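Asker: Sequence:
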Amino acid sequence: MTRRCASGATCIMALAVLGACAGDGTGLDEFGNRLVAPASELSPTLSSLQVNVFTPICTQCHTGAAGPLGLALDEGISWESLVGVTSVEMPELLRVHPGWPDSSYVVWKIEGRPEMNGGRMPLGLSPLSGEQIDAIRVWIQRGAQNN
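Residue numbers (this note's numbering): -2 to 144.
By construction, these hints were calculated from the structure, which means they are not laboratory data.
Everything numeric in this text was worked out from a predicted model, so none of it was measured.
Backbone N, C-alpha and C define an ideal beta-carbon position, used for all residues, glycine too.
Treat the hints with care, since some could be wrong.
[To be verified] If you anchor each label on the Cβ, the simulated ranges turn out as follows:
no.	residue 1	residue 2	range
1	Gly73	Arg139	18 to 24 Å
2	Arg110	Gly67	19 to 25 Å
3	Ser37	Glu89	33 to 39 Å
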């Protein structure tokens, strides 16, 4: 189905991206929100972010070699895909710039900053909570260690 955006442009790309991330509805509430209980207490470490954010939320789309824009957030490869890697959408920024959350494109994407390109992440889902964003920011501020 083709729809018109407010600008008059065809929104086929956005619909295709959302469709590619669609599942069978398992684990969703009546509003389509994913029912995921935190696997552990959230802390600003890669292992905690992996269990509580990347795996249950981000890997709905960003998984394997076919992850959008080459970003795979699967356990065991997320660090290599994020830290020190140039952003595809904004090559002047790193996805994660250790020590510098405000210069890390992943922070721009999860906060929905106006100067970013593309949509706020996670695309088509509720934004990350303040607690989740803060944990990512602190992890980056502390050097984005691979623990």
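Asker: Determine for every hint whether it applies to the structure shown.
Answerer: Here's how the hints hold up against the structure:
no., hint, in the structure
1, Gly73 <-> Arg139: 18 to 24 Å, "holds, 21 Å"
2, Arg110 <-> Gly67: 19 to 25 Å, "holds, 21 Å"
3, Ser37 <-> Glu89: 33 to 39 Å, "holds, 35 Å"
In summary, this structure violates none of the numbered hints.
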